[in-house]
Amino acid sequence: MNRNEIKEIVNNFLIEDIEVEADALKDEAFLKEDLGIDSLDFVDIVVVVEQNFGFKIKPEEMTNVKTLSQFYDYIEGRIKAT
Amino acid sequence: MKRVVITGIGIHSCIGTNVEEVRESLYAGKCGIGIDPARTEYGYRSPLTGIVPRPELKGTLSRRQRICLPEEGEYAYVATEQALKDAGIDMDYLENNETGILYGNDSSSKAVIESHEICVEKKDTTLLGSGAIFQSMNSTVTMNLSTIFKLRGINMTISAACSSGSHTIGLGTMFIRLGLQDMIVCGGAQETNYLSMASFDGLNAFSTRVDEPLKSSRPFDKNRDGLVPSGGAATLILEEYEHAMKRGATIYGEIIGYGFSSNGAHISQPSDRGSAMAMERALADAGLKPSDIDYINAHATSTVIGDSYEAMAIDRLFGAYKTPVSSTKGMTGHECWMAGASEIVYTLLMMKHSFIAPNINLEEPDDISKNLNIIAKTLDKKLDICLSNSFGFGGTNSALILKKI
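Top line first, the protein sequences correspond to chains A and B.
One gets this note's numbering by counting positions in the first sequence from 1 and adding 8 to each.
One gets this note's numbering by counting positions in the second sequence from 1 and adding 6 to each.
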């Protein structure tokens, strides 16, 4: 799975499941401040990541993930590691 | 003591999803019962249930609001939206005036069972999602509605089995009488999914007249064979009388009597003594005699034993006056946690439009109910003072008296 495919899947579930505005999905967007993703939303992101990519997010690995671009990086890294 | 009136009503049920539809169904004697095939597949004795449409809330509520709402919470939301609008209350009012919420609910089975199924499959609680806890708790309706409508007054759920909705209105009345609140959102909600009623079905309490769903719920009839579960939600806006007058609100009626009792006996069997005590207390609270009551909306659910005990109690108190009685559950089925609230909505509609809704399917009263003046066909009649009964498992009884003003 390449970077663009990952971006497409992530953006799709952020729009469909988390109901983030499509226009706000820019690489440099901050998950919390710009996309409005709060701690409860993150619980749901764990679920949709597991449904879409087949692995579970480890909370301790997410501490440095602040922007959407970093989130794509994290997903990409996890896929490559498996 | 302050006076308490009802200034708004809303309902989402198997006989209509707004007040006007429900009024038409009540007058026409229209039944909302049908078959749910999923129940047969799941192992129910009876697939009969009230057929309640699920509201579509996408576009109305945010994702966060929707994923915290279980089925009964969705019903409660739409009923409350209707009731607040009916009372002339908007978000601006709610943000600037303290309003409470007391709502009846006694289960949220689907959310609990579905969480269990995910854990069994995934072995990981982090995959339950963020809405599961808020959907699973008994207080799900009040926690969700208080958040959605920005309510800042008394906020709690009343769980009292099939009298939950009625006690909610009684307790709301007490809060307002004492001057603690000017306005309280009261009501009752009941889930209707097949996961929610399996254990009740297992008690052999449900009608199995599957070849005639529209005739399956037959309160007081000699040939009744059990209740039919149903649900939805009903909301009433309780308001202090002077407060309502100052707002120029439309008043449906005044709550003048609340009576309660506990049987202190069998966990599932009702008691004529306990039922009568609740009615006597409501009469005493209202300062009335039995002869003052124009109509009784009976709890009667269509079970063999329950209807008989209530008939005995009504006959003992009201037999000499041949007070008109009907149970609306022939049309609605037993709306359980919601019933005590929805039946106040039904009774208010009868008072407003001067009719008694029929006790449908009463073809031949049994030996006890033949002593009562049961209204089997719609009767046009002016109603000024009405009594509504609600009884629940564990012997929790509630009776409310309404007066037209």
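Please note that a few of the clues may not be correct.
[Stated by the list, open to error] With a Cα cut of at most 27 Å, we get these calculated DSS-like pairs of lysine-lysine:
1. A:K40 with B:K116
2. B:K410 with B:K383
3. B:K252 with B:K328
4. B:K36 with B:K64
5. B:K36 with B:K252
6. B:K221 with A:K88
7. B:K156 with A:K66
8. B:K36 with B:K221
9. B:K128 with A:K15
10. B:K252 with B:K295
11. B:K64 with B:K116
12. A:K15 with A:K88
13. B:K91 with B:K228
14. B:K410 with B:K252
15. B:K116 with A:K64
16. A:K66 with B:K376
17. B:K228 with B:K64
18. B:K358 with B:K252
19. B:K295 with B:K376
20. B:K295 with B:K8
21. A:K88 with A:K66
22. B:K156 with A:K40
23. B:K409 with B:K358
24. B:K91 with B:K358
25. B:K8 with A:K88
26. B:K383 with B:K228
27. B:K376 with B:K36
28. A:K40 with A:K15
29. A:K64 with B:K128
30. B:K295 with B:K358
31. B:K64 with A:K15
32. B:K129 with A:K64
33. B:K36 with B:K156
34. B:K128 with A:K34
35. B:K156 with B:K91
[Claimed, not checked] Chain A side only, calculated, beta carbon under 8 Å to chain B, not exhaustive:
36. R11
37. L48
38. V54
By construction, these hints were calculated from the structure, which means they are not laboratory data.
Computed from a predicted structure; not experimentally measured.
For every residue, glycine included, the Cβ atom is placed at its ideal position computed from N, Cα and C.
Against the structure, the hints:
Between K40 (chain A) and K116 (chain B), the direct Cα distance comes to roughly 32 Å. Violation of the 27 Å bound is thereby established for this hinted pair. Taken as a hint, the K410 (chain B) and K383 (chain B) pair is honoured in the structure, with Cα atoms around 23 Å apart against an allowance of 27 Å. About 39 Å separates the Cα atoms of K252 (chain B) and K328 (chain B), which puts this hinted pair outside 27 Å; it is violated. With a C-alpha separation of about 30 Å, the suggested pairing of K36 (chain B) with K64 (chain B) is violated against the 27 Å cut-off.
Using a Cα cut-off of 27 Å, the hinted pair K36 (chain B) and K252 (chain B) is violated, with the two alpha carbons roughly 38 Å apart. At most 27 Å may separate the alpha-carbon atoms for a hinted pair to count; K221 (chain B) and K88 (chain A) exceed this at roughly 63 Å. Among the hinted pairs, K156 (chain B) with K66 (chain A) is inconsistent with the structure: their alpha-carbon atoms are about 35 Å apart, more than 27 Å. For the hint linking K36 (chain B) to K221 (chain B), the alpha-carbon distance of about 11 Å falls within 27 Å, and the restraint holds.
The hinted pair formed by K128 (chain B) and K15 (chain A) meets the criterion: a straight-line CA distance of about 26 Å does not exceed 27 Å. Taking the CA atoms of K252 (chain B) and K295 (chain B), the gap is near 32 Å; set against the 27 Å cutoff, the hint is violated. Restraint check for K64 (chain B) and K116 (chain B): the C-alpha separation of about 20 Å stays at or below 27 Å, so the hint holds. A C-alpha spacing of about 15 Å is found between K15 (chain A) and K88 (chain A), which places the hinted pair at or below 27 Å, so the restraint holds.
Distance restraint check for K91 (chain B) and K228 (chain B): the Cα-Cα separation of roughly 42 Å exceeds the 27 Å cut-off, and the hinted pair is therefore not satisfied. Taken as a hint, the K410 (chain B) and K252 (chain B) pair is honoured in the structure, with Cα atoms around 19 Å apart against an allowance of 27 Å. Restraint check for K116 (chain B) and K64 (chain A): satisfied, since their Cα atoms lie roughly 25 Å apart, inside the 27 Å limit. For the given pair, K66 (chain A) sits about 69 Å from K376 (chain B) by alpha-carbon distance, which is inconsistent with the 27 Å threshold.
For a cut-off of 27 Å, the pair hint linking K228 (chain B) to K64 (chain B) is broken: about 46 Å separates their Cα positions. The hinted pair formed by K358 (chain B) and K252 (chain B) meets the criterion: a straight-line CA distance of about 22 Å does not exceed 27 Å. Taken as a hint, the K295 (chain B) and K376 (chain B) pair is honoured in the structure, with Cα atoms around 23 Å apart against an allowance of 27 Å. This hinted pair checks out: K295 (chain B) and K8 (chain B) have alpha carbons roughly 22 Å apart, not beyond 27 Å.
A hinted pair counts as satisfied when its Cα atoms are at most 27 Å apart, and K88 (chain A) with K66 (chain A) qualifies at roughly 16 Å. Our distance criterion of 27 Å between C-alpha atoms is met by K156 (chain B) and K40 (chain A), whose separation comes to about 24 Å. The suggested pairing of K409 (chain B) with K358 (chain B) holds, with an alpha-carbon distance near 11 Å, which does not exceed 27 Å. With a C-alpha separation of about 18 Å, the suggested pair K91 (chain B) and K358 (chain B) falls inside the 27 Å cut-off, and the hint holds.
Proposed proximity of K8 (chain B) and K88 (chain A) is contradicted: the alpha carbons are some 70 Å apart, above 27 Å. Using a Cα cut-off of 27 Å, the hinted pair K383 (chain B) and K228 (chain B) holds, with the two alpha carbons roughly 17 Å apart. The straight-line distance between the Cα atoms of K376 (chain B) and K36 (chain B) is roughly 24 Å, inside the 27 Å bound, and the hint therefore holds. Among the hinted pairs, K40 (chain A) with K15 (chain A) is consistent with the structure: their alpha-carbon atoms are about 18 Å apart, no more than 27 Å.
Of the supplied pair hints, the one linking K64 (chain A) and K128 (chain B) holds, its CA atoms being roughly 11 Å apart against a limit of 27 Å. At most 27 Å may separate the alpha-carbon atoms for a hinted pair to count; K295 (chain B) and K358 (chain B) meet this at roughly 23 Å. Using a Cα cut-off of 27 Å, the hinted pair K64 (chain B) and K15 (chain A) holds, with the two alpha carbons roughly 25 Å apart. With a C-alpha separation of about 12 Å, the suggested pairing of K129 (chain B) with K64 (chain A) holds against the 27 Å cut-off.
Among the hinted pairs, K36 (chain B) with K156 (chain B) is inconsistent with the structure: their alpha-carbon atoms are about 36 Å apart, more than 27 Å. Only pairs whose Cα atoms come within 27 Å are accepted, and K128 (chain B) paired with K34 (chain A) is rejected, the gap being roughly 33 Å. Of the pairs offered as hints, the one joining K156 (chain B) and K91 (chain B) holds, with about 15 Å between alpha carbons and a cut-off of 27 Å not exceeded. The beta carbon of R11 (chain A) is not positioned within 8 Å of any beta carbon in chain B (closest approach about 26 Å), and the interface hint is therefore violated.
Checking L48 (chain A) against chain B: minimum C-beta separation of about 4 Å stays under 8 Å; hint holds. Below 8 Å, beta-carbon pairs count as interface contacts, and V54 (chain A) has one with chain B at about 5 Å; its hint therefore holds.
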